[in-house]
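4 protein chains.
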Amino acid sequence: MKKLNKMGKIAVLTSGGDAPGLNACIRAVVRTACYYNLEVIGIKRGYKGLIEKDFIPLSARDVAGILQKGGTILLSSREPRFHEYEYRKLAYENLKSENIEALFVIGGNGTFQAANLLAKEFDIPIIGIPKTIDNDLYGTDYTIGFDTAVNNAVEAVDKIKDTSISHERIFVVEVMGRDSGFLALEVGLATGAEITLIPEYPFPMHHIVESIISSIKKGKRFAIIILAEGVAHAKEFAETLNKHLKPYIDEDIRYTVLGYIQRGGSPTAFDRVIASKFGVFAVEHYLSGNKNFMVAYENGKLTAKPLEISFGKIKKPDLKDYQIANILSS
Amino acid sequence: MKKLNKMGKIAVLTSGGDAPGLNACIRAVVRTACYYNLEVIGIKRGYKGLIEKDFIPLSARDVAGILQKGGTILLSSREPRFHEYEYRKLAYENLKSENIEALFVIGGNGTFQAANLLAKEFDIPIIGIPKTIDNDLYGTDYTIGFDTAVNNAVEAVDKIKDTSISHERIFVVEVMGRDSGFLALEVGLATGAEITLIPEYPFPMHHIVESIISSIKKGKRFAIIILAEGVAHAKEFAETLNKHLKPYIDEDIRYTVLGYIQRGGSPTAFDRVIASKFGVFAVEHYLSGNKNFMVAYENGKLTAKPLEISFGKIKKPDLKDYQIANILSS
Amino acid sequence: MKKLNKMGKIAVLTSGGDAPGLNACIRAVVRTACYYNLEVIGIKRGYKGLIEKDFIPLSARDVAGILQKGGTILLSSREPRFHEYEYRKLAYENLKSENIEALFVIGGNGTFQAANLLAKEFDIPIIGIPKTIDNDLYGTDYTIGFDTAVNNAVEAVDKIKDTSISHERIFVVEVMGRDSGFLALEVGLATGAEITLIPEYPFPMHHIVESIISSIKKGKRFAIIILAEGVAHAKEFAETLNKHLKPYIDEDIRYTVLGYIQRGGSPTAFDRVIASKFGVFAVEHYLSGNKNFMVAYENGKLTAKPLEISFGKIKKPDLKDYQIANILSS
Amino acid sequence: MKKLNKMGKIAVLTSGGDAPGLNACIRAVVRTACYYNLEVIGIKRGYKGLIEKDFIPLSARDVAGILQKGGTILLSSREPRFHEYEYRKLAYENLKSENIEALFVIGGNGTFQAANLLAKEFDIPIIGIPKTIDNDLYGTDYTIGFDTAVNNAVEAVDKIKDTSISHERIFVVEVMGRDSGFLALEVGLATGAEITLIPEYPFPMHHIVESIISSIKKGKRFAIIILAEGVAHAKEFAETLNKHLKPYIDEDIRYTVLGYIQRGGSPTAFDRVIASKFGVFAVEHYLSGNKNFMVAYENGKLTAKPLEISFGKIKKPDLKDYQIANILSS
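Chains as they are written, first to last, in the UniProt record's numbering: chain A, 1 to 330; chain B, 1 to 330; chain C, 1 to 330; chain D, 1 to 330.
It should be emphasised that the hints constitute simulated quantities derived from the structure, not laboratory data.
Errors might be hidden in some of the hints.
No distinction is drawn between identical chains; accordingly, a pair holds when it is met within one copy or between any pair of copies.
Below, simulated DSS-like cross-link-like pairs (lysine-lysine); rule was C-alpha separation at most 27 Å, straight line [stated by the list, open to error]:
1) Lys9 with Lys96
2) Lys320 with Lys9
3) Lys301 with Lys313
4) Lys315 with Lys246
5) Lys218 with Lys69
Produce the complete structure using the sequences and hints provided.
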């Protein structure tokens, strides 16, 4: 790819829930753009800053030292006003007034749907870069943040397992994932959880109970149950299970909700690298003349998909992975 | 200290809540005992194994490779039967039937009180080694597990802080500590929390609210509040605070209960070393002719205290440390 | 896949250099085999145990609690005797005497070549599972241990970077990889190294010198240089570079050889999961009637390749990845 | 302590080798000073910035978000010119020209000796805050950075141990410490090293050899030897040991020099807290009318010592700790 003679100008924002790797991606977008002689504007707090014209110029130096940091230097927020046409018009006018020729949005499904309206209504090219720790975005095998979230959760479960084993207790550990089980399933596989419960492949309570009783009868009195938040709340689930198991256990079932520790922290090597590659690919693919696309990771390779590809679609974990979890927890 | 010619025999157990460093301490007790030609019996599941005579011989080799592991190879449990005289008598008879001459108990206040009854009723020498992640045991400046628990919590809060800053939200993080604020205060100091709430030094809600509003008015829209579990439940606290701050914040206050991740994991270097030193000191001090004592860490040195020293006493965090947290969060 | 009625018997060994995830893979092979009613024999110390018939039966219980552990419970060694026909014959006879019907070898190129001789000479089915932290095995996009090694190295470089920045020094960090640059390149990308040097894409010394001088002239006095061990030794490289840069720097260039810390430690979530999937796939593909194959990861999916596929072949990092490192370090 | 009405002005610098916790200490000095209505000037690059008048004002906000970061925002350097009177005079004049009333130096022995000259020659009050990962400063039981360095090294050795065990090899791991063995001894205790070699308590080569041979004869073929850099270089030591053990081992002894990874990284909770307390104490003790002192940690408490206390003195690790390492490695 050739460097440009004439300077163009792009803008970048982050929107939606936190995901480790956002800064790595911002850095890659900015540095790749600079490399090809594009100017870059950073938009603060996602669509909020777009509406309020909270813009800052970003040079290659401005993104030094952020690759390994959690969070996002551009900040993020929820901005309900963007659902209204007049505010999107304002957003567009803000972009035009600064001669911004394309908008790079690092976000998930909601972010892309909002950006798509802008693309449709005002003909501003949109480039989507997928991030969510839930990895539930249709059209891409991977979204920025997933690997770090999995490892954060795995480190936590490894710790809980120490107590589970030495105190012979059953623990329910609730992991994030909204309506989806990708995160929970990966955590279940990586920690050797006795039981992994995800919304996509229901496992009835009486099977859970039987499985644990059978295990107790063989002398194994501890267990880790990984519970996707889309299945149940840990507290209620633990209480219900406790009632069923009362005659078989000495100690009440404990539960932990891992919560926000899954979203933060320095990104893993994989998230830093994939977020960087997403950023480079996004800029280069745009410069090749494409617009209104989402960067995607498919079959181990980077590619581009129409921005709308994920709308209304549901991505499910591979049934085979779920079966593997069962085979290996035996 | 001289090695013994005549073999003696001691027993060791772990009891109460989990604390990283238990295995390091077991290893030290066993290896020091072996070094001085004592035999060692491990008792499984604390007082439960004492009553049920679940004993295993422990050699120096049996404790290889456990120094860096969380949990306890001797397992732990709660055993209400030990409150009854007849079961303590049974416990004593089990010890005598194996010619065990002293019982080393690694535990906290409850463990020591139970052991003290045994010492009083049956004249079996008891050696207490203090552990609890809460560090709230009177008579010693340190209890095994505290440093690891603090670091576990700090790593978690560091992650949550990423999201707090980049999404400009207020987070309430509940840490363990039962009725005491040692853990919360240390975590607050180590993470630079905006507010740290501990039971020993109450801070009224209206002060909290004013402090945050004043901060928001200066443009700082995020905050971490470290909440000792002895003060309030995170959920209720966050809801109450939310009501007060509603007019000033865009996003609801988030909360996380760190829970059991604080108790597990590989112990820190400090916990490995101090647990080892506690174990060595315990055996050597016993061999010097002492009994019914608790190992203690005082003014940076190991010492022995009467086993009853902590009974009915309360240890409070230093007021100065609390003031430092306030000075530095400004 | 159906479970077997008639019991078969397989053996598994680990061979070659250490790689995090070996235990996860052993666990998966054993548990999957048990699930399908196969018996499993573990062979100690790789080909050494095969020659000396150091065999142990492995049940599903025997591999409990090893998923998250570094190293290999089966131990590993180098065994030059296996190059001789008579010892391979002895190895085969040991397998036959125990009615072992197939041999699963978890290893790299050398391991597979040795196993292939056995397969050719004695018609014992061989199943290869690829592991090496270097990720340089032709025929598969991934080998067990790579992700953990990368993250181990990245954590180390992150620490060194603190000192590099605050003391304004240039550091050379040598990472493993034998003749290949996969590990170094990934580490360079993930740490934002100023310069990454790998054997596949040479970068002449005068370019390195110019690049650093240009950077110093802009006021940036620190730099991290990631050096693949296949390019040069850190000590000699740092000394040479030092001579060239002497007039421009206040402090001598420092160097660190990361060494064995890259090979150990608890595997990352990815290595635990992929090692598990490799193990499940290996057993199931064997049970489907295949033999003398290597499990491979290609385009994001598991597949099987002829055992000989990697022999005499060289896998190179993607030139694009190298270019990305250059674009982003600017 | 009362807040001041009249503003005073102090300066702070960091000097010497890197140590995690410097930023925590800078933050504490600055915020405590601000709390008491003192102005603070930060001096860049230690004595270099003092000579070149590279000063920056530091407010409470300027030190936000640095508590958990390795390195030092004030940078550090070696500055030979400070050995000459004329440059110290220049330094003093720079301080006076900005009405700076006291100089806080965060450093080690060399830093304090340099500062002491200034105090003696120009009557500028000096406050020393001790930091060095080696913990070898006489007059204080603790220096900022030691706990993090120990934990960094311990994490590395834990990883190497995996390979040591599974590949049955002997590893020599060289840790920092200059002429002193504090770091090595603590790492040896915390990792359960088979042998720990420190300069203060020599252990002759033939004893090392006998100890390992005896261990090998009992069937234990791996070992970790922690080698303080003050004893020998890992490479030469491993080669010598190798010659002695050649007949007893299959594989050559491996060695690793941990190097700079010990100096960097986010400080542990303990280092963050102690560095903070050192900073608060330093400012408050100065405001109480004291000068030319070093903050010290003694018997678990903060205190002040004359600045010269450490000059020409040597601090040695406790012999008891060394004996404990031997008892427990048995």
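Hints and how they fare:
Taking the shortest alpha-carbon separations for Lys9 and Lys96, only the intra-copy value of 11 Å comes in at or below 27 Å, while the best inter-copy value is 49 Å. Only between protomers do Lys320 and Lys9 lie at most 27 Å apart by alpha-carbon distance; the minimum there is 25 Å, versus 45 Å within a single protomer. With identical chains, the CA atoms of Lys301 and Lys313 are at most 27 Å apart both within one copy (21 Å) and between copies (22 Å). For a Cα distance limit of 27 Å, the shortest separation of Lys315 from Lys246 qualifies neither inside one copy, at 37 Å, nor across copies, at 36 Å.
For the homomeric pair Lys218 and Lys69, the shortest alpha-carbon distance between copies (24 Å) is at most 27 Å, but the shortest distance inside one copy (46 Å) is not.
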